[in-house]
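Spelled out, the chains give:
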Amino acid sequence: MSGQTPGREPENPLDQALESVDAAAEPGLAEELEQERAREREAAVEETGVRWADAFRRIVSGGWVVSVGAIVLAVLVGSIMIVFTDERVQETAGYFFARPGDMLAAAADAVGGAYSALFRGSVYNYQADTLTLAIRPLTQTLTNAGPLVAAGLGVALAFRAGLFNIGGQGQILMAAAGAGWVGFGLTGVPFPLHLLLALVAGILAGALWAGIAGILKARTGAHEVIVTIMLNYVAFYLISYLLATPGLLQAPGSANPQTPRTQESAILPRLVGERFPLHWGFVLSLLAVVLVWWLLNRSSIGFSFRAVGENPKAARVAGIDVPRTTVSVMLVAGALVGLAGVQQVLGTITTGFGSDIDAGIGFDAITVALLGRSNPWGVLGAGILFGGFKAGGSAMQAGEGIPIEIVLVVQSLIVLFIAAPPLVRAIFRLPQPVTRQRRGTPPVRSTATTTEGQA
Amino acid sequence: MTATTVDGATAPQAAAPSRAVSTVTPKAAIALGVVLALYALLLLLAPHEGDARFRLSTERDLFVLPTLEVPALATAWVCAAIGLAVVALAVVRNLGGRRVPLWGTVLYAAALLVGFLAWAAAGSPRDLSVVGLLSGAVVLCVPIVYGALGGVIGERAGVVNIAIEGQLLAGAFTAAIVGSLTNSPWAGLLAAMVASVLVALVLGLFAITYKVNQIIVGVVLNVLVIGLTSFLYSQVLVPSAEVLNTTTRFARIPIPFLERIPLLGPVLFNQTIVVYLMFVMVFAVWFALYRTRWGLRVRAVGEHPKAADTVGIDVVRTRYRAVVTAGAVAGIGGAFYTVVSINQFNREMTAGAGFIALAAVIFGKWNPVRAALAGLLFGFATNLQNVLSVVGSPVPSQFMLMLPYVVTLLAVAGLVGRSRPPAADGVPYTKE
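Residue numbers (numbering that gives the first Met the number 0), protein chains in the order written: chain A, 0 to 454; chain B, 0 to 431.
So here's chain B without its partners, still in its complex pose (with noise of 0.2 Å):
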């Protein structure tokens, strides 16, 4: 990632503490393996007879592919043989002293994915939809893509924000107010972004100017947020809610043409101005974080501040910059539920998204890319459970609700290898 190395002597001590050891561990191997074996198990213990349908297209398209059908035990089966293949291979590979290749990962990923919605959707009356399955994916994975970038900035800063939580409900409580009454989804999304910016700011201003413990700050600005939220909802939105809590919503945007292509399509090019926003904001805040002085400044201040302060950089400013830009994107991700989502605002509507964004931060090894990434599986697990149910699945529904959080476990526990936050993060800063 980063080129910098920190020597662990000088590095704050609240870093992970025993960062020196050797690189290579089992870890991922074991977890592969018994993600495998456990898959198998469910195989093994409710065979599904039957086959099962992916319906790959939409009437709109502009040619029709066929609707898949596979023969359903014999998908999961092969697709069983397929992870235990890349298992041998990360074992082998272990042995010598080497990583599990990322393509190898994903390959094991993507098949029993595959396998696991062969033998679920087996003998259903309904088609799986592969479209509605992804689209789904790409509009619910939006506020924690955003709070996820957002997260990313502010620790790269050396800010860690357990808040995001508490500025996307912010974010989504001024987006409804705002929205209601003016009648424009844009000046709701200002507004979100302008409210997420003032937990942001006093974040900052307990984290970085008073010094106190970034963590408990986060953790007492969402239980904040959630109370203030909640208690104007009640006192002041539910008595005038046609006023104040009617908000108009974004509309889709279709790309002409590129709508047409087939999965891709009503996929990526059909959606709201909020999602390709995401798309957008994904890449500028990787090319600023990685291409821009600004950037450089930003992780310098977040992997040693001392050595950063020494050449001249002001070390509270760029915290602070840093913070406020993370707000103002996360604020997005905000008004996504009351402009895009619904026209509404609800009591706690976040649901917790922000603490997924923040596991998808640490799960993405604070890189904005792949923490997008990983925010997108969450959406993606998500929405695999509400189109399952459609299609009958015999899983509880309970499971395919854990499913997300049971594999962010697994992720960080293994699967990621050792993620390493910048050195400095969470520490704050006195300058001597």
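One chain only, chain A, in its complex shape (with noise of 0.2 Å):
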């Protein structure tokens, strides 16, 4: 509650009226309130000047600061996995009393060479000779944030329309056949038509793949979840089937289950120059970012898109074609995740493709939407965020010999704590959020606090 600056506050009936008003009773008169109490703390706090306190006692209790929180005990816990699977401070751990300083220099040792290997494979390597090498690190980053913001904002629409799409593998998967047909199958067409043409044929593929789960769940009414986990399998070998069949996706003359390279009038150019792996792929994504953004919260079929996520009951009475919603999100949210294929194939791998091809997006994907809060904006940060660890795990890996696995740790843990503010706010006993009830959803939400003030 209110309780953690009781002495400083000047005496306020309208704290009092909070107090006597049970929350979980009457949520509406608890808000108003406490917007009241907000606003008269506002105007006090400008009296006063104690503005940067208040500044600081909001920010401090706002969302990101438990976002961050998160991340820093996610990367305490990496800290921890790698000191103790590390040989040299097993062996100096061996006389830890005789000489205790060898094992936790040891132990600084590993944790500052994985970080800062971490660091100079994602944003700059500060050890490279030239400047080209030096920034090369955050194209990669970018490079592989591209098809993780793609993927993320398909799972995150999704989930604003109440839908969980675990099946992004298999929409990357069949986007990529899509375009990677169109990109080396079709010949004589220009650049950027026929870049235009794979771009188009993959982003169907992804669409009309998701399409299969919406319609399924619309007529039938089989769970989302299920439905997305079988189709990445069905996806997985059915491309490995035409892969491995000569005259489909195989590249000919060759035994590999592995396609032909991409012809170059369909390949995304690179973004700012051929020494950097960054190509429009990128500038796809952040287009996407603003799409969706404007579709969510701008039109009016992403109203309806968030309406059946809120409620599917009032969005069905309030005239809402409640099937009809779910196909035309999954639709999208297919489309979008296949964006993410077709960077794959146009922009990062244009050599060939193999069945891996998805790279473990479509799963990375989730991570990454939980961490944005399904917010398009947050998912474009979640999505560098994950691009950076991706690039700088391999360094990692590379140089230190530390497994790139760290990185799944890292990036689970975050998401997990940040699935859980109370728990994040206990750990590091941050104040409770400065507006605890949101519209509509006061009873659970007002309950949720007491259980965040036992924790």
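Keep in mind the hints are simulated off the structure, nothing from the lab. Ideal placement from N, C-alpha and C gives every residue a C-beta, glycine not left out. Warning: the hint list may mix true and false statements.
Below, a list of computed lysine-lysine pairs in the DSSO-like style, where the Cα atoms sit at most 30 Å apart [unchecked claim]: (1) B:430 with B:210; (2) B:364 with A:312; (3) A:312 with B:305; (4) B:305 with B:364; (5) B:210 with A:312; (6) B:210 with B:364; (7) B:364 with B:430; (8) B:210 with B:305; (9) A:312 with B:430; (10) B:430 with B:305.
Derived CB-CB ranges, DEER-like [said to hold, decoys possible]: (11) A:98 with B:200: 20 to 30 Å; (12) A:359 with B:97: 24 to 34 Å; (13) B:124 with A:244: 42 to 52 Å; (14) A:93 with B:292: 27 to 37 Å; (15) A:96 with B:313: 39 to 49 Å.
Quick partial rundown of chain A residues pointing at chain B, CB under 8 Å, derived from the structure [as the list claims (entries may be wrong)]: (16) 187; (17) 221; (18) 229.
Join the two chains, each given in its own frame, into one complex according to the hints.
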């Protein structure tokens, strides 16, 4: 409650009124009082000139501090794992009580080495000889972020409509197959047109594959989680079959399950010069972010998506065709995930691909969407962060011999902690959020805060 | 299933949307018809001349059944006719507003299966070993069945468990380490249960105490366990594989006399303790859920936690207990990988079995016996691919591998009818 600064604030009748109102019983009244009190407090703060203190309090109780706290916690756990599995730490731990400094130094060395390698591999390589090499990691991060953001948007959009799209892997595979098939199969089409055709083919393939899940959900009530998981496997084996069969996706004259190279006329051009891996796919993802933001917040179709997500029954009463909305949500989500697959084939891996072209993006996209709180801009930030983890993780594995799976651990811990703000607040002893009650879901919220108080 | 009926207005909104619609839909008939059409198309487009030979016995049996030799195409078409009869029955039943009877679906599946096997094995120089097909299926279904049983217990209490995959993997990993260090598969089994319970406790902490979306927790826990085990595998297990990653496996325990019954003996009575335990466990979970006070409470908490709370059942504690029990059961399935199947741990060795178990839970309508049967079906479909590749099947192996997933899709979309989850499944309970 408001107990963290009891003495500093002048006695306020509104505070007393709020105390006497049972938030669970009368959510509306409590909320009004709360807002009134906030307004009064703002005015009081202006007068007394402690605006900074108030701003600080708002910041540390806000959502993104929890995100930062979650990242810090996850990185800490990652450090512990690095320390415990480091050989030199284990050796020096043998004589810890004789010379504790040795072990501590080894531990610091291991952690420092790991995270500096992560930084060098993802942001700026300060050990590089030329500026080109030094900033190359950053472009690698953004290259990785492109598909992650696109696929994350697909998952986030479905989330907002109350659908859980675990089918990223399958949708990426189908999109890659579609874009690849046009990208290397179609000949004699000039550059921008060929690229455009390949893009459209891939995005369509992803949309249709997700659309199957949408139709099954809408028509038969089959749970989309199960359907999308199953479609992942079906897509994987289908692509494996296409890749292993001459005349379909397999490169002619090759026995490997791999496609031919993407033709030059269908490749996404590099964005900042040939020496950097960054291609136009990232720009496409940025456009997708804006598009999804507009779709969700400014368009009527996006409104119906969100309405169905918030409460399908109310949406139906309000005249929204819920089954149709379900199908269109999955189509749009699949198209966005498809954009990720397209970027992989037409931008990142243009020398022919196998059935591992999805590179785990489909599942990473879920964590990206969760970390971004299903908000397009949040997804952008989360995608760039995870893209950096991916780039830095490879560098860490190559340079320090630390398996890249540690990145998985850190990523999943971040999401886990972010999903439970009360836990992070309890660990860091952060104050409770300023506005505790969100409009629309008062009973759940108000009782949730009581458990927060206990934690 | 349960006698509890929940009024749509009071049921939590996250449950299946339109539960009140008429229960009989033509979905099942359509699904059966579509599959039959595909099957007939297969026979027409790729006719396979020759005889199919089914070997029914092994040398150790009390008496030897003859190897069954049938003309492939004729058998396949006879089976298609049986299938058509069931489809016709389904349509007639549907017009009368009634469901397709279970025996109809079973007959249909059996007919199409025999027909398909005859078609696939036609003209092969090798016999198709029915014993191998069935006993392999029983072995392969073990982790799926244990995982599904765990899933059923958890979801019956209202906690969706997407993290079955993580529980299996954590169990397999821990069983490998402890089993190797102690040289005892029993210790490995126990350790797997403990590890899986730990995963379940994390799930409980976030899903029950912190009321985080359970699907999110589950997905993230899977990633976490995959990351942890893969990291520790390459950092710890690989460098000292002989000490930490070489387990002693459970030996097969043939049950005297029974194991020599033709066909059934090798399939059911010459297995490891974990398989026997599985049969017991399916019954035990069923009994516990439907015939004990604990089970009644678990189901009450999953259907209508508020009502359960009103009559004095501690919802949070009941859910925690159910989730922990479910974790222990799933852990046995995890141990299967490293102390029964092979003797070492590999990166991501569960390969999605947990997700299949989840599908089995839904396929089995949240009933332990049905879920176990669904798990058996998945094991069978997986083993079918292995057996057919030995016989030299004309179907590309990728399509055979795809089969269990397609079957699940068809099942959740139509065959099983409307599968209704426990009403409060996935809904955190907040006491008011």
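Which numbered hints does this structure break?
-> Violated hints (numbers, rising): 11, 12, 13, 14, 16; every other hint is consistent with the structure.
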